[in-house]
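Protein chains: 2
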Amino acid sequence: MTRASSAPAVGRDGAREAGVPVIDIDVHEAFTSLQALVPYLDEPWREMIVRGHWTGFTQPFTYWATGGGNRADAKPESGGPEGSDYELMRRQLLDAYDVRAAILTGYFYPVMLGDMQVEFASALASAYNSYQIEEWLSADSRFRGSVHVAPQDPQAAAREIDRVGPHPQIVQVLLGITTRAYGNPFYFPIFEAAQRNGLKVATHHTVYVEGALGMGRYYVERHMLIPQGTMAQIISLVCSGAFDRFPELEFVCLEGGFTWLPHLMWRMDREYKSLRAEIPWVKRLPSEHVRERLRLSTQPVEDLNYDEFMKVIDLIGSEDIVMFATDYPHFDFDSPLRGLPPRLPENLKRKVLYENARRFYGLPDESRPAEDESAGPGEAER
Amino acid sequence: MTRASSAPAVGRDGAREAGVPVIDIDVHEAFTSLQALVPYLDEPWREMIVRGHWTGFTQPFTYWATGGGNRADAKPESGGPEGSDYELMRRQLLDAYDVRAAILTGYFYPVMLGDMQVEFASALASAYNSYQIEEWLSADSRFRGSVHVAPQDPQAAAREIDRVGPHPQIVQVLLGITTRAYGNPFYFPIFEAAQRNGLKVATHHTVYVEGALGMGRYYVERHMLIPQGTMAQIISLVCSGAFDRFPELEFVCLEGGFTWLPHLMWRMDREYKSLRAEIPWVKRLPSEHVRERLRLSTQPVEDLNYDEFMKVIDLIGSEDIVMFATDYPHFDFDSPLRGLPPRLPENLKRKVLYENARRFYGLPDESRPAEDESAGPGEAER
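So the protein sequences, as listed, match chains A and B.
Counting along the first sequence from 1, when you hit position 275 you're at 275 in the working numbering, and nothing is skipped either side.
Counting along the second sequence from 1, when you hit position 222 you're at 222 in the working numbering, and nothing is skipped either side.
What the hints contain is simulated information worked out from the structure, not anything from laboratory work.
Mixed in with the good hints, there may be bad ones.
If chains are identical, the list can't say which one is meant, so a pair holds when it fits in one copy or spans any two.
[To be verified] Calculated lysine-lysine pairs in the DSSO-like style (CA-CA distance at most 27 angstroms, straight line): (1) Lys-273 <-> Lys-75; (2) Lys-283 <-> Lys-273; (3) Lys-75 <-> Lys-283; (4) Lys-273 <-> Lys-349; (5) Lys-283 <-> Lys-349; (6) Lys-75 <-> Lys-349.
The task is simple: from the sequences and hints, build the whole structure.
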């Protein structure tokens with residue numbers, strides 16, 4: 001792995017790095033334009049892009065309250081979209097903080113195509129994965145990548161996972177959240193493929209995520225509702241037996257927050273205790289499945305003070321579940337230096353910023369002196 | 001008000017009443033059959049029932065995991081549905097515990113009719129309210145009632161609120177949660193009417209409530225998802241300005257739980273801070289609106305121990321928000337004697353079981369000696 005400068009890094013917020021290494025588990029790389037996929041597409045799909053028969057995804061709202069969905073300073077001088085310039089990302093994120101690894105999660109989720117023309121969606125997923133490997137993962141050894149799939153065709157998704165899953169920098173399958181509940185056994189071929197390839201399964205909302213009453217009337221309302229899609233996915237995965245059926249699989253929910261987890265575990269456990277006769281394939285308390293095999297990213301971190309943060313971690317009942325993410329280059333970027341409340345215990349801070357993600361993704365420990373770099377027992381390396 | 005026996009009451013769980021009076025804010029009365037509404041319906045609606053042209057609501061699932069949706073022992077010997085027999089309700093609930101007031105919330109929510117034939121839905125709401133007043137509120141002075149409305153026709157709903165709102169035992173307007181977001185200004189006539197009648201606005205899910213990914217595949221899954229409808233209503237009310245537009249209105253969300261409230265307030269505040277330009281009519285932090293003018297019922301209480309319960313209350317930042325409810329006669333009835341963790345501070349226990357609801361609904365203090373029964377300053381009585 002490439003080590004960042006050994007001098008303390010300085011983020012854009014001007015604070016000095018406190019000496020804690022960072023693994024950023026939600027970094028959104030982007031292509032300059034849809035044309036970037038053309039070299040990786042076969043016909044007839046290539047023609048759909050070249051001739052402009054399909055012009056890409058958009059979102060059903062504007063980001064006018066923030067003047068766009070991204071950090072204003074993340075716009076490359078070259079004019080491409082935010083997140084499309086590796087050198088700028090390196091300067092603003094990878095080297096600005098002591099980032100030891102950055103999990104790329106993209107922005108181009110073929111699930112958004114829907115149930116029509118699923119073969120095209122699968123072709124786009126494959127093209128994106130090839131593009132990601134060629135143009136991003138090869139650029140920096142700190143990058144780790146996600147297998148993008150079109151879950152509307154689970155068999156094709158499984159084939160794609162088998163195709164790119166063995167790449168040494170690929171760590172997870174990414175499922176975009178729209179209105180599909182991924183616990184449905186329809187999607188189990190995806191989980192089987194992830195498990196046999198030793199990959200994690202990550203969820204991340206798309207612009208089509210909804211709350212219980214729809215998307216809301218305003219972007220700010222929608223943004224308050226985002227965690228509901230993540231909570232509902234966890235409930236779906238638990239009730240349909242994905243945790244029981246795929247005992248080696250681990251899940252991570254990105255950009256859906258984490259402070260609701262105590263409630264969700266209590267609620268699932270209460271309902272499980274009274275109604276589990278309906279789902280006899282679920283063999284353990286939902287909270288046990290969750291604590292062992294589900295991880296959550298911090299972003300967007302809520303404004304918690306020290307006492308509140310510590311109480312939430314205590315109510316979760318584990319220091320190992322929450323993992324830091326910046327969400328670069330989005331407007332609500334959380335700085336690794338300021339996203340967490342000040343004066344957290346060093347060990348907890350290290351876990352959230354680095355160690356939990358390092359262990360979860362089976363990454364080597366780059367934060368220790370060279371003679372100490374071998375992993376501890378039982379830690380899978382990839 | 002009728003006082004329960006002065007001897008300590010004994011609930012079906014056999015525990016001795018600890019001397020704390022109870023206000024139960026979610027009690028589901030039911031009619032014996034749809035025919036009960038016939039005397040209160042004008043033509044042509046009466047005929048719809050009498051001739052069987054409409055046969056009532058049903059639910060899109062069964063309750064097989066619990067053998068029905070209600071306590072088995074709540075089935076009246078007369079054969080009517082659970083919750084339809086006042087004498088049984090009195091024995092099992094009102095007198096079994098030291099219940100000083102019970103807020104009736106019904107089970108027959110005309111919002112479930114949808115957007116067709118809204119005049120019929122409004123007629124059913126009126127008939128139900130008349131039935132409720134004649135057959136329930138008159139039966140026991142401990143009962144307080146809800147104005148049921150068909151919110152799909154807000155003007156008709158407002159007229160109905162004006163019609164029955166002045167009844168001295170009516171305390172709130174009840175909005176059933178399906179997939180409608182009540183913050184939409186379309187519904188503001190309902191809030192105007194509630195405010196001018198000095199009523200609270202209560203929400204309660206219906207069998208058509210959904211989570212962010214739909215209803216789920218199982219009843220247990222749906223039951224885990226129920227809080228999302230409540231959370232989404234609060235987000236909708238905040239963002240659309242209902243708290244700002246109706247400054248005297250207070251809200252209570254029933255049967256959606258409460259342990260998610262710290263998360264929801266933090267999340268709303270964070271998004272408000274960065275995106276409030278989009279909703280300039282919202283003049284205060286969402287958490288300030290919520291703490292001052294929103295209340296939540298406990299039911300279904302999650303299995304919290306003392307430490308967890310105290311942490312949640314502390315994170316909510318107020319002891320005044322959570323109010324106890326049994327949800328009688330539903331299968332997941334919470335006993336006032338066992339629903340809360342043992343050894344809570346007496347003052348907090350009294351607030352949750354009694355005092356918060358007493359103040360919220362402006363009820364006289366029936367728990368003090370007679371010479372002390374006058375309300376404190378600023379407490380509205382009705």
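Hints, verified against the model:
1. Taking identical chains as interchangeable, the C-alpha atoms of Lys-273 and Lys-75 lie at most 27 angstroms apart only when they sit on different chains, with a minimum of 23 angstroms there against 51 angstroms within one chain.
2. Only within a single protomer do Lys-283 and Lys-273 lie at most 27 angstroms apart by alpha-carbon distance; the minimum there is 11 angstroms, versus 43 angstroms between protomers.
3. Taking the closest pair of Cα atoms, Lys-75 and Lys-283 never come within 27 angstroms of each other, the shortest separation being 49 angstroms inside a single copy and 32 angstroms across copies.
4. For a Cα distance limit of 27 angstroms, the shortest separation of Lys-273 from Lys-349 across copies, 25 angstroms, qualifies, whereas the shortest one inside one copy, 34 angstroms, does not.
5. For a Cα distance limit of 27 angstroms, the shortest separation of Lys-283 from Lys-349 qualifies neither inside one copy, at 33 angstroms, nor across copies, at 35 angstroms.
6. For the identical chains of this complex, Lys-75 and Lys-349 are neighbours neither inside a copy (31 angstroms) nor across copies (55 angstroms), given an alpha-carbon limit of 27 angstroms.
Violated hints for the displayed structure, listed by number in ascending order: 3, 5 and 6.
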